[in-house]
Structure formats: C-alpha cells, structure tokens
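> Join the two chains into one complex using the hints; note that each chain is given alone, in its own frame.
Which chain is which? The protein sequence lines are A and B, in order. Okay, so the first sequence: first residue is 28 according to our numbering, each after it adds one. Okay, so the second sequence: first residue is 0 according to our numbering, each after it adds one.
Don't take every hint at face value.
[Said to hold, decoys possible] Mimicking DSSO-like on lysine-lysine, the simulated pairs with C-alpha atoms at most 30 Å apart in a straight line are:
#1 B:K243 <-> B:K6
#2 B:K228 <-> B:K72
#3 A:K79 <-> A:K163
#4 B:K92 <-> B:K9
#5 B:K146 <-> A:K163
#6 A:K163 <-> B:K92
#7 B:K72 <-> A:K163
#8 B:K6 <-> A:K163
#9 B:K92 <-> B:K228
#10 B:K228 <-> B:K243
#11 A:K193 <-> A:K79
#12 B:K6 <-> B:K228
#13 B:K170 <-> B:K228
#14 B:K9 <-> B:K72
#15 B:K170 <-> A:K163
[Stated by the list, open to error] Derived DEER-like restraints, expressed as beta-carbon distance ranges:
#16 B:V60 <-> A:R151: 20 to 30 Å
#17 B:G121 <-> A:F96: 38 to 48 Å
#18 A:R151 <-> B:D21: 46 to 56 Å
#19 A:N186 <-> B:S179: 39 to 49 Å
Derived from the structure by calculation, the hints contain no laboratory data. By construction, the Cβ of each residue, glycine as well, lies at the ideal position given by its N, Cα and C atoms.
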Amino acid sequence: MLFGIAWDTSSGWAFAISILPILLRGLVVTIQATVVGFFIALVVGLVWAALKAAPLRIVSWPAAIVTEFLRDTPLLIQLFFLYYVLPEYGIVLPAFMTGALALGLQYSAYTSEVYRAGIEAVPRGQHEAARALNLKGMRTFTHIVLPQAVPRIIPAMGNYLVSIMKDVPLLSVVTVLEMLNVARIIGDRTFNYLIPLSMVGGIYLIMTLIASAGVRFLDMRLPKRGIPLK
Amino acid sequence: MTEPIIKFDKVVKRFDSFVVLDELDFEVRPGEKVTIIGPSGSGKSTVLRVLMTLEPISEGVVYVDGDTLWHEKDANGRLRPAGEGHLRRMREKLGMVFQQFNLFPHMTVRRNITEAPTQVLGIPRAEARERADDLLDMVGLREHADKYPHQLSGGQQQRVGIARALAMRPKIMLFDEPTSALDPELVGEVLNVIRRLAEEHDLTMLLVTHEMNFAQQISDRVCFFDRGKVLEQAPPEELFTDPKQERTRAFLKAVLESN
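Bound-form chain B, shown alone (with noise of 0.2 Å):
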C-alpha cells in the first residue's frame, strides 16, 4: 500500500464556536478520485479549501505529498505554524476549481491561464502562451481564447477554470461543486471534461458534488461526510446501492428524490 497524498490527522476547524471538522481522519491515495457527499455544513468544502490553504485549521496535522501542510519543523524538528513561503512551497501541488469558477473577469481567457504561470512559475511568455492553448484545445475552446469571461457561458468559464488550474501542472485537483452554479443544460459539458481528466491522467482528484450519477462513474471511492467527520466511505458501486449508515441512506434518498 502506497503512502496515502493526502492525510487529514485528527483535524478540527473551528469558526467561532461552530466545529465544522471535528477531529477528521482523512486519507486519499496517489492518483485516487475521492468524491465527497454529504449534507450542507458537513464540512466537505471545508476539506477542499484547507488543502487549498485559503482556511487555516484549528487543530490537527494536514500532510500533503509527504509534507506537512499547516506546519512547518523549526530547528529542534517541532511543528510550528508555516509560513508564507512553506504554503507557497505546498500549494504549488494543489489545483482548484471553484464552485462560482472565479475567472479574472478583465482578463482574455488565454490570460487567465497565462498569468500564473508566468508570473509564479517563470515560464516565458511565448511558452506559457502554447501551453494555454493546448489546454483549450483539451476543454474545447481553442477558439475562444481571446475573449472575456463574461462572453461565455457558464458551462465555458468553467472548462476555462479547469483549464487554469491545470496550468499550474498540479499533483492534486479539488472541485469545489464545479457543476453547482451551472444551468442544467450546460453541466454535462464540464462534466466530460472533468471525466476526461480522471480517465487520462495520473492526478489525484478530490470532488464535492452533489452529481451522484456522475460521482458513481468516475470516482473509486466515496466519502459521506456528516458533521464535520466522515460517517461511511466505500468504492460507489458499494456506498449508493448498499449504505451501512441510516443518515446515508437518508442523505441519497432525499438526494435521489429532488432529481
């Protein structure tokens, strides 16, 4: 067995008095795709954006790639809070697609892609250029490259955002609900992609969704996650047709029900 990429030890993210992750065990292999389900408030999102470092954690260890996350060793090899240039160091690993895609709405679209791999990897321009439009070629939209983001659509801005988290060549992607805040007609398109990606390459993949069906296809395992813990995780063919948990079976019926 492989060492797990991912590894959530004990961790606790608090706001407030509000315990979102209570003392969650996580772990998720290399080139695994890990979907996470569950309730609203259960903490799945959470888990994405502190990998994402954008929430710092209350307690526990985080490791990525084999490093800790949140912390780094000082001199006597203790923990301590890291700093900006460990987490800078660490997020180099890590991709995000965002729920709203957070496009850079005054820039063209192959600028979006181009800007952070210029200006955070030193890639040249010309270079940085060729690789963005090879990945529009790979999501479908060579031809849009010179517009704004609010000349697409939906379902466009988001192959968009896929196409700039991959820019970065990261080791792990999250989802962060990519299909939540797109027209029904325009999910199955960013779905594809991300499907794709899943079948085509070796990256670790991490995804909220509420698309069962398509969580059931392109996943190897599923996490249940519910009151900031993970309640039941097995392969899909396993969690959705057998739950052990009643608040899983709860959870799929009523999400089966309001599709």
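For reference, chain A alone in the conformation it holds in the complex (with noise of 0.2 Å):
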C-alpha cells in the first residue's frame, strides 16, 4: 500500500492496474519537478546569456565561469550540494525545491548557451538601427534582439524540457517520490521490479513524445513573421 492505495497481487494484469494510479501520484511529482526546473532553467539561463553578452569583462566573465561550472559538474553532485550543503549555513529547502532547483540551474547553463546562439544569430544590422534611433540597451535587447532570437530558440528549448523530464529521477537519491522512486518502492515491496519498471519506462515515453509534438506544434504555430530562421 502506497499513497492509501492497495496493490493487488492476484495476477500481472491486475497487479498494474492496481498500482497504475499510484505511478501517475508519482508522475505528477515528475511532472512538476519538470515545469519548475524548466522555468528556472529559462529564466536564470536568460540571465546568464545576457550577463555573458554584457560589454564589461567583469560581468561577463564571473557569469561564464558559474555557467562553466554548473555545465561541467556532475548533476548529481549539485544536487547533494545543495540538499547536504546548504542546511549547513542555515538555508533547508523542501526535497523537491532543492531537487528543482539543482535540476534547473544545472539546465540554465545549456539554455544560456541557447539564447546566446538565438541571440547571436539577430544580424547586426539590427543593433544597429536599434543604436542609430538612439533606443537603450535594455530596451533593445527586450524588444528587438529578444523577440527575434525566440522564435530561433524554441526546437533547442524543447530538447532541454524533455531532457529536464528525463533527468527528474535522480532527486529520488534526494527522497523526492517521483515516479521512478515510487516504482522502486512498490518493487521493494512486493517484490516484483518488472511490471512497475516496465510501466514507468512506458509512461516515459509517452510523456517524451507529448512533450516533442507539443514543441513542435509551438514552433509551427509561432509566428515567424519574416524572421529569417536558418
């Protein structure tokens, strides 16, 4: 019994329906491990891209080097980094926050990388005008560089979110009961690891290829308006 709900060992079929809703509690922890590092990973990482693009060596270096560290570094060590670490110096977050967090800060050092190769792909004809009609930086890399380096971006982000999903069980080491944890659990507890590995590995799946139809429909739904995409 997992969650007050009851497994039935009578046969392999009953035995996966029976603990089929138990997976999907996990899966929604999965899920929302998933949008949390995923928002996180989109908005440090833009921070990141636009503290790299920054003229002045002193911004752009110290935030290419934690964006080096954090891509260089096993997630996993990040991870009891901040889950053993931090309590040390007073800052507990929750299992999942720490587990969401790690997930997206190591994934805002690739999305940097993405909005750096979006942004850097917006000719620059276009800083240009922006800096002969006298608009401020700011102002330009909000409503010029940024609109047409998104439209650029979305097929790399994808990639991330679906690698996001796919990285969510390492926080079971961090007792986040994600899917794959609450899968190991019931097979700790009955004994059979076949039906609920096999079944996690299938909702896997499905939730993968969901999540890549989905960013393909974003990205043909996205108006393109004469951005040239190459």
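Shown next, in the form of structure tokens:
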C-alpha cells in the first residue's frame, strides 16, 4: 500500500492496473519538478546569457565561469551540494525544491548557450538600427533582439524540456517521491520490479512523445513574421 | 560663410593595421546635400558610420552641430572620450538609412516608425502614430502601415526605413548606399523620395551612392573618396564633366561603363 492505495498481486494485469494510480501520483511530482526546473532554467539561463553578452568583462567573466562550472560538474554533485551542504549554512529547502532548483540551475547553463546562439543569430544591422534610433541597450535587448531570438530557439529549448524530464529520477536520491522512486518502492515491497519499472518506462515514452509533439506544434504556430530562421 | 554642421578634423580610423580614414579633413555646411563617391574600401561608408556613432574613431576630432561627437570636455576643458550620455545626446541630431534597410521584422511598419519616438523622445503613442502616418503618406505607403516588413518589396522597405529615420526629426540624414540592395526597377521609387526630401527640406544630407545621375541631380557637392581621404570635391556638374584627378577620371569611367 502506498498513498493509501493498495495493490492487487493476484495476477500480472491486476497488479499493473492496481499500481497505475500510484505511479500517476509519482508522475504528478515528476511533471511538477520538470515544470519548475524548466522554468528556473529558462529564467536563470536568460540572466546568464544577458550577463555573458555584457560589454564589461567584470560582468561577463563571472557569468561565464559559473555557467561553465554548472555545465561541467555532474548534476548529482550539485544536487547533493544543495541538499546536504546548504543546510549547514542555515538554508533548508524542502527536498522537492532542492531537486527542482538543482535541475533548473544545471540546465540554466545549457539554456544560456541556446539563448546566446539565438541572440547572436540576430543580424548586426538590427543592433545598428536600434543604436541609430537611440534606443537604450535594455530596450534593444527586450524589444528588438529577444523577440527575434525566441522563435529561433524554441526547438532547442524543447529538447532541454524533454531532457529535464528524463533527469527527474535523479531526485529520488534526495527522497523526492517522483515516479521512478514510487516504482522502486513498489518493487521493494512486492518483490516485483519488472511490472512497475516497465510501466514507468512506458509512461516516460508517452510523456516524451507528447512533449516533443507540443514543442513541434508551438514551433509551427509561433508567427515568424519574416524572421530569417537558419 | 556659416559654420560647418559636420567637420572631420584629421580623423584616423583603423581596423587593426588597416587604415580606413587617413587623417581625413571633411566639412559639410548646414542644409548642404553632399554625395560621397569612391571605390570600395575608400572609407566612404565609414564616414557615415562614424557620424552615426556605430564606429569609433582612432584619432582626430569629429564635430557635429558645434559639439564634439566622440569626445566631451572634462572639468579642465580637456577633451576625453565621450560617455554614453553624450553619445545619446549627439545621436539625436542624426538619422541613418541603411543599405540593408534593417527594419525590425517582428514589428509592423507603423510600429517600426513609432518605437523610437515613443521610447526615446517620450512622445505619446497617439501622437507618434499620427506622425508616423503623416510620414507614411510622404513616402506613399500609408495603406501598408499595418503590414510587416517581409510583406513589402525592397523599395517599399527602404521607404519605411527613410520614414523611420525622419520620425526622430534629425538635423542630418545619412544615406548609406540606400539603393544598392534593390532590384533595378525598385531604385527609382526610393530615389524619388530622397529627391523630394532634398528639395523640400533644409535637412543636411550626406549620401553614399553609386547612382551617378541621381548624385548629379540632387547634390550641391560631390566628394570623391580615395584611400581614406577626399581626393577631389566639386559641384556635380564640374566633378562629373571635368574631373581634375586621374584616379577620379578612372573611377568615373569604370562606373559609367558598368552602367
């Protein structure tokens, strides 16, 4: 029994059907962690990208170093660091938030590169026109550069969304009850790992396909308005 | 003789070791229409880009409308490199039309024209829209106000580019090869707009172009640039019919033959 839901071990099918609602509870957590992690990655990644593009080196270098560090160290280390080390300094976050934060921060390093590529693909003439019209740097970034960069970067961002979802099971090591952790607990208690793990794999496949289709849909629907997409 | 509105005083511009402007001395009087011609790499576009503060200079001083463009005076009255505040104030005097139009592709034609007046000059949106529509009338594109740039022909896009620059009410308009990226049949409509501007306004105009006939019609003066210097300058009828310098003659001959 888990989450107040009992399982039926009379047959394989009955077992599968009885544990499905339990796994779906885990799926909700997986989706929540994906969404929160992706949101953090999108926002923080944009901040990194803006800092790295700054003309002042005292601004751009630290950002470059931090993102390089985030990218080149394993997610598990960052996760342990947030979960075990931060509380020593009085910062105690719930396991779920710790996990989502670790996911978001590591992926912010990747998304910052996607933003950077999208931003650099905006032709130089656009910056020059904005400068000639005396638009401020911030206004140029938010209203001229970014709107042209975003349609270019949606496919790459979609890949990272799927990637984050597939990394959520790592959060199980800090006790987050996401779907794989739930399946493992069911296995531990029933000594049947085959069915819950297979189901988790199947659900993951379905979720990934849905997410990919969603990104493709968004990519097609978003108006390109003559923005050259190379 | 009135004070020049643009003055280059021994201006040097280097890209690494390549000298683009070589101790250039160059002046434009208020209201004057000046065309710059010359072979590629002669520094003619760089003059416009330096004036629009897109390209910093390496040495010398540029004056625009009585003030230094790339320098400002410190407390002791000495010149030091200008900060962004000074550059922003100076930029208000200038407008630029680009070879590649450089319209904002994600904004409608009208929004392209109102964006800077509302954001930079603080003009209320309704008033900015009205002025944009007046300018679109002037360039003959009022009915295209709600379209996006990619829905327009190159000639129409460039006319929007001219309207967008004029919306900032500059004293000086810079045209950087405004018809070079256009199909031949679209060149005329853009030149007509520029011609009307030249005839009807006291704007100071600085034009880089390969359209020699057009230069002859609208210019008070034509400057032949060569290797980062003004090699020869004269009223168009004189420079085109009786060039003094061998290099000017060779250049004009080459251009006229290719036309």
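> Does each hint fit the structure? Answer for all of them.
Hint check:
1. Of the supplied pair hints, the one linking K243 (chain B) and K6 (chain B) holds, its CA atoms being roughly 24 Å apart against a limit of 30 Å.
2. With a C-alpha separation of about 27 Å, the suggested pair K228 (chain B) and K72 (chain B) falls inside the 30 Å cut-off, and the hint holds.
3. This hinted pair checks out: K79 (chain A) and K163 (chain A) have alpha carbons roughly 18 Å apart, not beyond 30 Å.
4. Using a Cα cut-off of 30 Å, the hinted pair K92 (chain B) and K9 (chain B) holds, with the two alpha carbons roughly 22 Å apart.
5. For the given pair, K146 (chain B) sits about 25 Å from K163 (chain A) by alpha-carbon distance, which is consistent with the 30 Å threshold.
6. A C-alpha spacing of about 16 Å is found between K163 (chain A) and K92 (chain B), which places the hinted pair at or below 30 Å, so the restraint holds.
7. Proposed proximity of K72 (chain B) and K163 (chain A) is supported: the alpha carbons are some 23 Å apart, at most 30 Å.
8. At most 30 Å may separate the alpha-carbon atoms for a hinted pair to count; K6 (chain B) and K163 (chain A) meet this at roughly 27 Å.
9. Taken as a hint, the K92 (chain B) and K228 (chain B) pair is honoured in the structure, with Cα atoms around 25 Å apart against an allowance of 30 Å.
10. Using a Cα cut-off of 30 Å, the hinted pair K228 (chain B) and K243 (chain B) holds, with the two alpha carbons roughly 16 Å apart.
11. Distance check on the hinted pair: K193 (chain A) and K79 (chain A) sit about 28 Å apart at the alpha-carbon level, within 30 Å; holds.
12. Simply put, K6 (chain B) and K228 (chain B) have alpha-carbon atoms about 14 Å apart, close enough for the 30 Å limit, and the pair holds.
13. Restraint check for K170 (chain B) and K228 (chain B): the C-alpha separation of about 25 Å stays at or below 30 Å, so the hint holds.
14. Note on K9 (chain B) and K72 (chain B): the hinted pairing holds, with a Cα-Cα distance of about 19 Å set against a maximum of 30 Å.
15. Of the pairs offered as hints, the one joining K170 (chain B) and K163 (chain A) holds, with about 21 Å between alpha carbons and a cut-off of 30 Å not exceeded.
16. In this structure, V60 (chain B) and R151 (chain A) meet the distance hint of 20 to 30 Å, their C-beta atoms being roughly 27 Å apart.
17. In this structure, G121 (chain B) and F96 (chain A) meet the distance hint of 38 to 48 Å, their C-beta atoms being roughly 43 Å apart.
18. Between R151 (chain A) and D21 (chain B) the beta carbons are some 25 Å apart, a value that contradicts the proposed interval 46 to 56 Å.
19. The hint said 39 to 49 Å for the Cβ distance between N186 (chain A) and S179 (chain B), and at roughly 40 Å that hint holds.
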